[in-house]
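Chemist: Dock chain to chain to rebuild the complex, using the hints, since each chain is given by itself in its own frame.
Residue numbers (my numbering), protein chains in the order written: chain A, 1 to 315; chain B, 1 to 270.
It cannot be assumed that every hint is accurate.
[Said to hold, decoys possible] Label-pair ranges, simulated between beta-carbon atoms:
no.	chain 1	residue 1	chain 2	residue 2	range
1	A	VAL21	B	SER166	39 to 49 Å
2	B	GLY76	A	LEU150	48 to 58 Å
3	B	SER230	A	LEU73	19 to 29 Å
4	B	GLY76	A	GLN225	43 to 53 Å
5	B	GLY169	A	MET133	40 to 50 Å
6	B	THR6	A	TRP161	43 to 53 Å
7	B	VAL9	A	LEU73	47 to 57 Å
8	A	GLY209	B	THR6	42 to 52 Å
9	A	GLY158	B	THR6	27 to 37 Å
10	B	ASP158	A	THR215	28 to 38 Å
Think of the hints as simulated: they come from the structure by calculation, not from any bench.
Where is the CB? At the ideal position from N, CA and C, for every residue including glycine.
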Amino acid sequence: MLHFALARLTSLGLSLVVASVVIFFALEVVPGDPAAYMLGMNASPETVAALRTELGLDAGPVERYFTWATGLLTGDFGISYTYRTPVAEMIGERIKVSLPLALYALALSTLIAFPVGIWAATHRGKAQDMGVMAATQLGIAVPNFWFAMLLVLVFAIGLRWFSAGGFPGWDAGFFEGMKALTLPAIALALPQASILARVMRSALLDTMGEDFIRTARAKGLSRRQALWRHALRNALIPVLTIIGLQFSFLLAGAIIIENVFFLPGLGRLVFQAISQRDLIVVESVVMLLVVAVIVVTFCVDLAYAAVDPRLRRRG
Amino acid sequence: MRTLLTGAVIAGVFVLGAIVSFFWTPHDVEAINIAAKLLTPGDGYWFGTDHFGRDIFSMILVGARVSIAVAIVAVGIGMGIGIPLGLTAAARKGSLLDEVIMRGNDLIFAFPALLIAIMITAVFGPSAVNAIIAIGIFNIPVFARLVRGAALGLWTRDFILSARVSGKGAVRISLEHILPNLMSLLIVQGTIQFSLGILAEAGLSYVGLGVQPPTPSWGRMLAESQTMISFAPHLALFPGLAIVLTVLGLNLMGDGLRDMLDPRIRRVRA
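Chain B on its own, in the form it takes in the complex (with noise of 0.2 Å):
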């Protein structure tokens, strides 16, 4: 319980700073003003400045409500495409449908998300979109196998054996009463992909293939900070910063949420 709390408190803060970015930033993110190019942190400006004079904080602010939005967005069509794709596949387990679901599953999990988002740029250009897209495809696999193998156990219950007896069909039975048995392994599944989510996004803008400028993001900022790095080191510590305590806010609520939703994990523990 300490660990979720603790990920909650460092991961909310984040949340937190994005929501508030939409409506209040200390400065202007695009706002460029030399005469004030590079400075520490200090007075008026708690992070610093880079190299066109543009507030560090107020960046990682509008930052964090572009990592969190990809990462929410790219979980989401992992979770939309890859969950019924696996009820489908457990539910037909052994058929044809199974294997060239499982199959493709495979295939999709031998393109790194970074590969897909290769693919994706060398013919649509570098986006925010396609680095969603790319992560997203890549959490397709991960949700489908993960329900398929928890959906397999579930189907051999007598409450679905029961179920089959009153006449209910594989969908219905999959959606009323499988769907809702696996929603705490989902909750915890889709915490670690988030934070999974964040960190690539951060990986694809720091090499080109993701948010573009003018929009601030954590990865870009840290690239832009890399030839300064010598007499500027503040440009690429609070962006870092800012990467690894979400990430590592959002990995503890994982533990913690599993080990509270699953009595096998807490026993072992204790």
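So that you can see chain A by itself, here it is in the shape it has in the complex (with noise of 0.2 Å):
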């Protein structure tokens, strides 16, 4: 086990240095210089390199790369060029939102997903399964957003429950929070609650057809003692997979939702980022989410060679 995490560390090393190169240079090929954008048309050649000099801008394309991955290192992910304030800090008031919205999603798709999915299994083939399996179909289909929207047609503008939008803040309580939250959440679980149960009840589906079901059931246990003692552990691995993969859609999904709801976190940050050319911050919510990424995935991995003691051996 210990050989098979030096392995994936390995790897997870290299996949964020190749990303941190293919964000940076990617970025850095904007035709246009921030400097004479932020300080408009009629500014001085003088002005204009006193800023570029200011914010590093007139050093090399590789120095100024390492000035950043270096500094990502130890947090300080440079100065917005707009509105010369620590990246690092708007950033760390924004993810107070977008990472507890993608969790509380993970969490809601979670819950959701293991019941429905284990339901249709154990009811093969009738009504139950199929109409899982019919609502689960839909519910791919769906976009997020326009979902989104349908439950604030229904729940804050028609039944007045929950807000239409806008975030209070930590500060104002935590259930308020998650009040705010809560219809944003549902909006992006819903999705990945479908795909979920569908891969839920397929994996269980596979499992009990294996032999060493097979050998249960001959010893006594029903189909039902069968199913969860032996059959729903092994069919885990996928459904950990699809939830590690989930996570990475539910961080880009609440880049989207926040735009329904008018949340402050880190997809509204980056697309006014993008309208203000302040390229810095762009680089740097896309490095965060990317490393987000990579860093799940790695988890996901060291998570089913623990269950499944076989994928450690294939490295």
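Modeler: Structure representation (structure tokens):
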């Protein structure tokens, strides 16, 4: 297991380095000068040059990459070109909304999908199973931002149970904060729960067809006992993979959903940064999200190597 | 077969609508008519009008054209680059080239389509082409991994061994023997990626990273309807339903094709 973890850790480090190079240099080819853009058309060349020096833009791209990358390691993401405040502080403020939203949606998606998937598998071929399959097929087809708008129409505008948007801040209390994130989290969770429920169902059905389940049944276990005691643990491997993959979709999806609910998260920050050509903010937010995806994938690899020892040998 | 047929009929309606929109729409999609703004569905305007008095039904027809075009080209990019990469990786299994291709794929997987679109937009500005590139890049590792995995299984088969014995090289074997045997798998995955492409295009256009005005797109129609949803919900209803039905149709087609083309699944279902 240690060898497997070390190999994965090396691969993780390499992926992070390559990702940072790709992100930095992809955004470095931007036509136009951020300093000139910030100062407007009437700025004198001397003022633009002075700002370029102040922002560190007159150094070569390789030198700037190393400054940026080493800064990332120490939590110094640089200074926003537009707001002149540390990018790390801006991200720190916004991640307090985006991360809880993604985790809330992940928890909801898992809580819905597990029982639904197991229920469908235990009623295979019956009306309940077909109902779940039809509902999840529809759930996968619904764009989360449209579902979010329908939720606002019903629960915010119609029933007035929730606000239609905005975030009161965690200072207003944990309950108020979670309440503001509830509709966005439901909107994000629905398609993911549909996918996860289908994976759970098919993984369980596949496992129930395996020889070791037949042996368990032959030893006198009922179908239900075999499912709960043996099949569920083995079916978890593909389900864990999908949960890991979903986290990246949820973080990216959160960026879109934040726009529906006017939430002050990373999504709003990155779109503002694009319109203001604040590239250092765009680079840092994209890098942060990619790091999250790579690290979560690494954790999932380790988790299912722990669940299934056969996977460790494959490296 | 029933699933495939249902899906094909639903998706076919939208494809037909997209084709028809090249020759005919009930109203001009770019014509502004403030006197007819925010009309509810009814006479003359089947799905009502928006805040500029534009006909929503006509916009949905033209929007279908945009969504389908973006998704098809994005799948084409994914297949055009991903399939050769997957075939090469499988033919050179265990080599440095295989390792480089697969690690490269892992890296692209770490960038959801939205992040790629954000980076491209930050550099070149928003446009439909950028949406196509972003979704296309995201599709590359999907096809590369699928092809490599399936091709590895084929490389151990007897008919490939006979081809090698007859003196055929890796490229010829990949093109003449491996690729034709992967067609059913590719058709199924292509359908799935096509439906995901429609969803992704709608999402990108919704946040302003995709198709730009005045070209209608389902995602942007939803974004424009958002502030008016309390008094004109029909603005959000029809584009949303168009996305759901198209994606649902394509997904059903994908499921149906898989059932039809993969005997193993047919046996399990039975």
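Chemist: Any hints from earlier that this structure breaks? Give me their numbers in increasing order, please.
Modeler: 2, 3, 6 and 8
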